[in-house]
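Letter by letter, the chains look like this.
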Amino acid sequence: MQKIMIDPITRLEGHGKITLFLNDEGDLENAYFQIPELRGFEVFSLGRPAEEMPRITQRICGVCPEAHHMAATKALDDLFHVEAPPVAHKVRELFYMAFYVTDHTTHFYALGGPDFVVGPDAPAAERNILGVVAAAGMEAGLAVINCRKRNHHAIKMLGGRAIHPVAGLPGGWSVAVTPEMRDELVRIAEENVEFARFSLQLVDDIVLKNQAYVDLIVGGAYTTPIHYMGLVDANNHVNFYDGKVRVVDPDGVEVVRYAPHEYTQHIAEHVEPFSYLKFPYLKAKGWKGFVGGKESGVYAATPLSRLNAADGMATPLAQEAYEKFYATLGGKPVHHTLACHWARVIEMMYAAERMLELARDPEITNPNVRNIPTETPTEGIGIVEAPRGTLTHHYATDANGILTMVNLIVGTTNNNAPITMSIKQAAQALIKKGEVITDGLLNKIEMAFRSYDPCFSCATHSLPGQMPLEVEVLDASGNVLKRLSQYVD
Amino acid sequence: MSAKPKVAFFEFTSCEGCQLTVVDSLQDHPELLDAIEIVNFREAISRRDHDYQIAFIEGSCSRPSDEATLKAIRAQAGMVIELGACAHLGGINTIRNRQNLDDVRHYVYGDKADWYETYPARPIHAVIDVDAAIPGCPIDRDEFIMAVTQLLQGRMPQIPDHPLCIECKLKENVCVYQRGMTCLGPIIRAGCDAICPTYGDGCEGCRGMISNPNFDSLREVLAEHGMSEDAIKAKLTMFLTYQMMDRGGIGDDNGATNA
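As they're listed, the protein sequences go chains A and U. Residues in the first sequence are numbered consecutively from 1, following this note's numbering. Residues in the second sequence are numbered consecutively from 1, following this note's numbering.
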């Protein structure tokens, strides 16, 4: 049996490994993606004061610390039974939108986007941010750098630090927005809207006007009809900061719409012997294996999922882009996983517009950003949309606020099953008998999961230490053909 | 130096936030790229060259297989520099060192526990000799640029070794203790611009202790400000578990050790 490893996955944040198993005929036998290292945040937080959680859990990942900081802060509101003042919610969301703009920018231009903008068959050396600059012009490169810079400044201004902020408190936020800060934030948000417009135009010019790319997006190799999850507001519009979790089936029909407190009634986690990373699924449908369709409990939580799970966007330019997206790709829901990159740019526009709305909100400079908790803590759940999927933090404490239970369902973990399915599907379509495996071919398999923007720093939160891994290869009858250890090279 | 020094970046158990800070630093100071040649930086570039003189290491050593890699880096690099709290202190990862690792192993791996060894997280200098450390969680952009500049001038990075309190006073902050909260500032290395006290919470110690901390006095102050023994232990072990154990323990080590 031949084994091909892609390790480590280039441009992937965190540490991941894909292993493809070919049979003697050179066809794909199995495809797994694996996590070689685990860290253990749920375990080692136990016994510590709950109010540390916004600052501890963000250390899971330097790419999206703001998401953990925010989910933890909201879980603390709930845990300490304190409602943050309205302006605190607005300042948090403003901060969170600046984070979304910069995070989606990083992914689109530097991590996953190069596949999409430069082209999957381009040499590996060109599929990076420099390749994007070559395709889109130097102006694009500078715009990306400036976008990250100004939003990091906004994040630091509102959160204390660009990576690992410190402002989240139960009952509010430690930073009030002054009129001077407001003026600067308005300017940053205006530039973000312009940058999002530029990015949508780039999708138009470089991707949509190139039929070969459009064919790749809508091609069968990257299409997986499954359930889609996303946070929505009262109007069923996409929301990143707050709302209810809505799930639609592969036909776009609502299956469930739950409040944070109800998550354990709707989501369960499946365990496979080949991975210690769990596979969440919809309880109502049950775990039917790595299969798509209406009867399977497998769901995805990605930018594409959020668009599919919602009825629209709450801001005008994003809504316009949303309508064009579905008109171009043949109606709702869209199952083409590569369309995730486009969806991400539409979300970037929403985040920019929402940031501008909040920065211009007359109440944003209200200094009352905190209500002091007075109740005895018990149990709390906080849900936000992380860029990589719905993020749930669930804590319980004793009466002194010392943690007795921690459960985290992070963005990438939601997508564990669909990522596994997409890799296998892409590999099956692209590796045929006797065909030489070129760099472009392997990259297409990587592309299948990179559109999910998986972040394994995050997803490996649940277990400490290294994860020695056993991979089993099964034949059609379920017999173990081969057992491989994690460290076989 | 005539030729550009070749620089490599490596990561072990970490969030990669320090390397992302490096990327952002280089975006602010692209001129640095004229002075060094980055030959290995998985987070940012595809090149994988193992001929380098300066190695920056992010992350703590948390599995046996890391040790051989670290030794290979040490054998190649003329200079090894710890990048950030995980490399410098063991970081957040060392919280788990406080727990009974046998219990943790069973909690995690269940009936498969015996298949797996667990391993306390350690700073890089616990495994190989290092030449310098850039502290912080994550590192400070400006401090990184300053450290690289000093290295290029043939000097070792000048990292502050005075308590955070000095920096906090210079910012004219009202003392966190005066605001009814607690802070590790009196024993922690300055250089972060006192972010946590400035934004309303006390210092958590991510830059590590200064070389001569008045530790007993800090414990007294924390107790005077109403902290229970358990609360003090929690405060001292978010980033300082390894340093605390190195100093002789925390008082509740459950048989856990640094090695």
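In case anyone wonders, no lab produced these hints; they're calculated from the structure. Certain hints may be false.
Computed list of lysine-lysine pairs in DSS-like fashion (alpha-carbon distance at most 25 Å, straight line) [claimed, not checked]:
| hint | chain 1 | residue 1 | chain 2 | residue 2 |
| --- | --- | --- | --- | --- |
| 1 | U | Lys71 | A | Lys156 |
| 2 | A | Lys156 | U | Lys6 |
| 3 | A | Lys424 | A | Lys294 |
| 4 | A | Lys278 | A | Lys294 |
| 5 | U | Lys71 | U | Lys6 |
| 6 | A | Lys244 | A | Lys332 |
Quick caveat: nothing in here was measured; it's all calculated off a predicted structure.
Results for each hint:
For the suggested pair U:Lys71 and A:Lys156, the alpha carbons sit about 37 Å apart, so the restraint of at most 25 Å is broken. Proximity of A:Lys156 to U:Lys6 is assessed by CA-CA distance (about 32 Å); at most 25 Å being required, the pair is judged violated. Of the supplied pair hints, the one linking A:Lys424 and A:Lys294 holds, its CA atoms being roughly 20 Å apart against a limit of 25 Å. Proximity of A:Lys278 to A:Lys294 is assessed by CA-CA distance (about 21 Å); at most 25 Å being required, the pair is judged to hold.
In summary, the hint linking U:Lys71 to U:Lys6 is supported, as the alpha carbons are separated by about 18 Å, within the 25 Å threshold. A distance of roughly 20 Å separates the Cα atoms of A:Lys244 and A:Lys332; the hinted pair therefore holds under the 25 Å criterion.
Of the numbered hints stated above, those contradicted by the structure are hints 1 and 2, listed in ascending order.
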